[in-house]
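Number of protein chains: 2
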Amino acid sequence: MVRRLAPRWPVWLFPWRAACTPGAFVQQRTWAGATRTPLWGRLHGVAGVSPLVRRGSSSTSSQAPEVVLTCERYPVRRLPFSTVSEEDLATFERIIPSRVITDPEELEASNVDWLRTMRGCSKVLLKPRTSEEVSHILRYCHERNLAVNTQGGNTGLVGGSVPVFDEIILSTALMNQVVSFQDISGILVCQAGCILEELSRYVEERDFIMPLDLGAKGSCHIGGNLATNAGGLRFLRYGSLHGTVLGLEVVLADGTVLNCLTSLRKDNTGYDLKQLFIGSEGTLGVITAVSILCPPKPRAVNVAFLGCPGFAEVLQTFSTCKRMLGEILSAYEFMDAECMQLVRHHLHLASPVQESPFYVLVETSGSRVEHDAEKLSSFLEHALGSGLVTDGTLATDQGKIKMLWALRERITEALTRDGYVYKYDISLPVDRLYDLVTDLRARLGSQAKHVVGYGHLGDGNLHLNVTAEAFSPSLLGDLEPYVYEWTAGQRGSVSAEHGVGFKKQSVLGYSKPPEALRLMQQLKTLLDPKGILNPYKTLPTQA
Amino acid sequence: MVRRLAPRWPVWLFPWRAACTPGAFVQQRTWAGATRTPLWGRLHGVAGVSPLVRRGSSSTSSQAPEVVLTCERYPVRRLPFSTVSEEDLATFERIIPSRVITDPEELEASNVDWLRTMRGCSKVLLKPRTSEEVSHILRYCHERNLAVNTQGGNTGLVGGSVPVFDEIILSTALMNQVVSFQDISGILVCQAGCILEELSRYVEERDFIMPLDLGAKGSCHIGGNLATNAGGLRFLRYGSLHGTVLGLEVVLADGTVLNCLTSLRKDNTGYDLKQLFIGSEGTLGVITAVSILCPPKPRAVNVAFLGCPGFAEVLQTFSTCKRMLGEILSAYEFMDAECMQLVRHHLHLASPVQESPFYVLVETSGSRVEHDAEKLSSFLEHALGSGLVTDGTLATDQGKIKMLWALRERITEALTRDGYVYKYDISLPVDRLYDLVTDLRARLGSQAKHVVGYGHLGDGNLHLNVTAEAFSPSLLGDLEPYVYEWTAGQRGSVSAEHGVGFKKQSVLGYSKPPEALRLMQQLKTLLDPKGILNPYKTLPTQA
Ligand SMILES: Cc1cc2nc3c(=O)[nH]c(=O)nc-3n(C[C@H](O)[C@H](O)[C@H](O)COP(=O)(O)OP(=O)(O)OC[C@H]3O[C@@H](n4cnc5c(N)ncnc54)[C@H](O)[C@@H]3O)c2cc1C
Ligand SMILES: Cc1cc2nc3c(=O)[nH]c(=O)nc-3n(C[C@H](O)[C@H](O)[C@H](O)COP(=O)(O)OP(=O)(O)OC[C@H]3O[C@@H](n4cnc5c(N)ncnc54)[C@H](O)[C@@H]3O)c2cc1C
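Protein chains in written order, with the UniProt record's numbering: chain C, 1 to 543; chain L, 1 to 543.
None of these hints come from the bench; they were simulated from the model.
Among the clues, some could well be false.
DEER-style ranges, computed between Cβ atoms [stated by the list, open to error]:
{"id": "1", "chain 1": "C", "residue 1": "109", "chain 2": "L", "residue 2": "485", "range": "42 to 52 Å"}
{"id": "2", "chain 1": "L", "residue 1": "204", "chain 2": "C", "residue 2": "297", "range": "24 to 34 Å"}
{"id": "3", "chain 1": "L", "residue 1": "309", "chain 2": "C", "residue 2": "522", "range": "53 to 63 Å"}
{"id": "4", "chain 1": "C", "residue 1": "525", "chain 2": "L", "residue 2": "515", "range": "14 to 24 Å"}
{"id": "5", "chain 1": "L", "residue 1": "312", "chain 2": "C", "residue 2": "522", "range": "47 to 57 Å"}
{"id": "6", "chain 1": "C", "residue 1": "522", "chain 2": "L", "residue 2": "183", "range": "32 to 42 Å"}
{"id": "7", "chain 1": "C", "residue 1": "525", "chain 2": "L", "residue 2": "130", "range": "30 to 40 Å"}
{"id": "8", "chain 1": "C", "residue 1": "205", "chain 2": "L", "residue 2": "183", "range": "40 to 50 Å"}
A few chain L residues that face chain C, going by a derived Cβ cut-off under 8 Å, partial list only [to be verified]:
{"id": "9", "residue": "266"}
{"id": "10", "residue": "296"}
{"id": "11", "residue": "319"}
{"id": "12", "residue": "328"}
{"id": "13", "residue": "493"}
{"id": "14", "residue": "494"}
{"id": "15", "residue": "496"}
{"id": "16", "residue": "499"}
{"id": "17", "residue": "526"}
Glycine included, each C-beta is placed from N, C-alpha and C at the ideal position.
Taking the hints into account, I'd like the entire structure generated from these sequences.
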């Protein structure tokens, strides 16, 4: 671990002040005054490349044990859908020639989820290129009563993206074209299968950014992001997809193409139908195209990575940030010491700051370098001076910013390497956010390898994860319904951003009243009367 | 009119630069260097007080001619709802004692819309205080097949807020309590009948602002704002209500209370049901309470009011603004010379800058006075220096800011004083925004008193208004479907923010495909099978 360097105020404060001119501000510095290149060196090998794009070749997948079939692990019964026949395959082949995949090895990757906790046994994967093809496929499936599982990047964390039984997998992988981009307004129209990271690159070349960003960006599709109403790392600044998405094209269960693909910031011509599909996890329709508003690319981005002595200080640092950084604050993420241990151990990433009980990552994005530097400088001076923060490091160039972000973004990956992961993604009042972690550590004792807390603190969103050597019903019994009851007791949400999928259906009632669950079911019946779209998912299980 | 003063650069530039320290920056200045107090004096009498709260006593209402009954002016047939009986009144009286209004004079104000173009003949106005009372009322109306028109502040501009025939008026006027406010997160929970301006005051005292603002703020209710998905003056910065509203409580047609009133920034537990009701104009349920995220109150607010020589310059000034003001830009509004003539003539407001073909109002909101001043100063210097702007004035103190805003906010009011108003509220690609106005002026010639264009340029939202001495079918024939076809030709929206109400039902097809209209109808049938909520409104008319 990094040796503790007592903060040497004068040394730190002086160059900081001087750094308020653009030229002097591009150097990444630690606050004790020394640039810790060896640490950056260690980080460097992985930064800037999303771990997920390379996942196929990672050691995890090849060495990992076979994943148990979902229908064997969970008490779930197949619904009376038809089974895919040779004739069906021939029909699909006519609709999308050479894009009907039945090779078992190719199917394997699409039958198992990212967390490797679910496995379906689908016999066919379809890869349409256009919404007309999707429409044609769904019309046929609807007539034939064939169940369909839409799949984007397959990075979902609640088992929504893979079949439970033999549902047809409808992949958006080849629907990856940008349709248009308006340079003045920043409105992007693209197909649903575009990979988030590629869209980011595309719009950044045009001086804009995507309004969302997440650790899975190298694999996840924009359609999957919308289907899950993904939150992610820019939520604090740019808000929910319900606000930034301007239009959608959706193919309904019976093949009807619903074109709500407007590129207007305002359109109050009747009900805002697109909203229904944002967050509906593929159960109400297949999103085929998206129109989304991209914010201008900030001229100056700074990331500070800070060590905090306690959770109270994490909260106070957040309030201070909001007050002193105002409109340029673009992210406020936290992680605990155990998270840092995990990324160090499994991914060989090292902490750029001294060991601390908590770490926070503060990002600013603004339009004027020297103004942002001044704001950040005042904030950091205050935070360090008042003891809210004990150590920290600042990055202003892209490479180093990516390295700092990797520490936070790759926690999910480090966790999967630690063993079986029990994942909870909850919203809580911010001042109670960490209590549940402390509480669970005491409750679980040595049953768990690790109990960690991290997440989007600025949004009141805790990622609570428990790892163990293997899946254990008794550990699960100690976790659930305890975690959900605790959350409901705080009027929190039992799924802040990851959605419901297959895994959280039974717990919806902790966050939604019966009237809401009934209305969800009614909407499902209205839009997908035969229930062929992503069955066994998202809708509440019958009590 | 103000005498044209040639810009005296050195005089202007010098104090401007000097003004970049906080102390020096609080003075409102015109760019020719002189403070034009006489103009402010003239404005002063009206600024800061919303025109709408005083409307009851305004000369318009008392002198205005009787408004023609809607069912006489328009070819609309009463649907077979029951008629309110004495027994019904007695039941209502039991549910909400002393809050069942049948006095014709009191009813008058609720039967006629703000524009005075629609009149219903409802015989009863109900004023519940709680959602339980609303639930009780709707359950009864549902059983009895009585039609209900929910009414907020009755400022809607599309005839949605008043009955068409004898629908019961359900007013939210007494549902005006704040339920809670979280000081750290800025989350406000309140009843639907709270007046926007009062909420603004409430949260501003706590160092936050409402994420929306509109000219009707003195009268409109937050429930009405949500029901119409109001856009308004802060949309550019804080985005749509679909993003800022966190939760809703809604009473459905049959009296079911749907409680989605969470106060969490993130909640992906199933479909986001609240979204259905935002913008549904009272046709799917009655919104009874709201949870909404308020942004922190900016430390520094500046408003510049500028004269532009042409529409091309209005657009270029906007691009320059976005680039140079970045994250602190909070509004960009424009109005044409005829708008200025109307506010001068009817409301005795005078232009604070020299006569120009176009005016723009630029607002910045930021967290650090001197940084904002510097950004604004660079921008204005550039805009004036490059001829984008020919004259301008800047306000930094609240009183003067309100006066400048009044020029823009009170255009709607000035128009109603000018005669019969044909109103169009459309979204268009920003570079074609004003072409329609020019085009119509030529097309209508002397038939129209005024053809004016103004609006939220930053959102691509044009308010196009035509005034005439009185309603004329032949003028209407020249306007419609021409305006809608023109808009559809640009793939615009025929109702950007005002909604559909009674007046725009027949034109929905210009902006929405048949599949979308069908789904709207299906949702209506699902949620309000007897169609008792706001009948004759919002849903597409049968082709
Ligand atoms: C390392 C890592 C970090 C993550 N970080 C975040 C985070 O910060 N915030 C967050 O919210 N999530 C996060 N996630 C979860 C996940 O990445 C998101 O849910 C993502 O939006 C899923 O996109 P996808 O394309 O991979 O969808 P998939 O996983 O393929 O599918 C997810 C669900 O959406 C449906 N779906 C996919 N595409 C469509 C479509 N076109 N039409 C209809 N339905 C569709 C699927 O049926 C399924 O139910 C993370 C995941 C990982 C592995
Ligand atoms: C001077 C002026 C300026 C304006 N500026 C703007 C602007 O900038 N942007 C903009 O978008 N609009 C603007 N408007 C239009 C209008 O103010 C908005 O539509 C406003 O949101 C309506 O609120 P209200 O409370 O007056 O609703 P009302 O007019 O009473 O009702 C409007 C519709 O909503 C329904 N409704 C009302 N309350 C509820 C409820 N609690 N539950 C369910 N349904 C309900 C009604 O049935 C009706 O269909 C302006 C109007 C005026 C007069």
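**Numbers of the earlier hints that this structure fails to satisfy, in rising order** = No hint contradicted; all consistent.
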